[in-house]
Amino acid sequence: MEDYNCLATLHPQYGVLSSAPSRGVNVSQQHVAVAAVFDGHAGCQTASAAAEHLPHLLHQGLTGRQGSSTAAKGDSVALLARDGACQRLSVDHRADNALEMLRVLDAGGELEYDAAGTLRLYRPSDVERRNGCMFTRSLGDFNFKQPRPLLLCEPHVVHQELTPSDSLLLLASDGVTDALWDDDVIDVAMRALEQARNRTSDGQWLAQAAADEVTAAALRGNSGDNITAVAVLLDWS
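Under the working numbering, the residue at position 21 of the sequence shown is numbered 21, and the numbers go up by one with no gaps.
Heads up, none of these hints are tricks.
Computed cross-link-like contacts, DMTMM-like style, restricted to lysine to aspartate or glutamate with a CA-CA straight-line distance of at most 25 Å:
| id | residue 1 | residue 2 |
| --- | --- | --- |
| 1 | K145 | D96 |
| 2 | K145 | E52 |
| 3 | K145 | E128 |
| 4 | K145 | D106 |
| 5 | K145 | E112 |
| 6 | K145 | E110 |
| 7 | K145 | D114 |
| 8 | K145 | D126 |
Calculated directly from the structure, the hints in this document are not laboratory data.
It should be emphasised that the depicted structure is a prediction, and the values quoted were computed from it without experimental measurement.
Go ahead and model the full structure; you've got the sequences and the hints to work with.
Okay, structure coming up:
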């Protein structure tokens with residue numbers, strides 16, 4: 001398993017107050033929360049280090065600004081349930097993204113389809129095409145960033161004011177979206193929330209139930225990749 005996630009609550013003065021081992025969290029208007037999914041590849045070291053250090057790094061940059069900030073690179077997704085409908089907050093940084101394709105080619109990278117028909121990025125020196133990447137932005141992967149940055153570390157960032165019509169934020173690795181459309185992910189999560197509310201009012205348990213059902217649905221959809229989902233329940237009470 002190369003996927004990692006982190007859930008943490010931050011305080012401007014006291015730092016990282018808690019780091020939850022679960023995959024669901026309930027967030028009220030009094031909290032600053034961090035939720036993240038890291039889809040590791042070729043080992044788990046970078047994903048593990050990012051999950052450990054991200055809350056502390058973000059705490060150093062707290063500004064007091066209200067709302068939601070989403071930063072994404074690679075092909076994991078951030079989906080917001082707004083009025084019960086799905087709104088995607090992330091962009092897929094993959095070799096088949098037209099803008100990313102142009103940037104990669106301009107940087108000297110090479111693109112080629114593998115045997116499965118997936119477009120991958122290769123270094124010019126990789127003449128045997130052994131180490132290709134589907135994604136075009138990532139943490140780590142220094143061999144693709146030197147001497148010229150074929151892969152970038154810069155994320156796609158969205159700042160958004162949240163409203164009471166926003167009920168859930170769902171983060172997932174591409175193991176989920178390989179099997180489910182974005183709308184289906186949110187539909188599955190919202191149905192799981194409705195069913196779970198018949199059994200409990202505990203926000204963290206509800207969020208965990210939503211994340212669990214999304215991963216179960218991806219498994220039923222025969223996803224062939226590692227599957228990770230994190231749910232953030234937005235509590236406006």
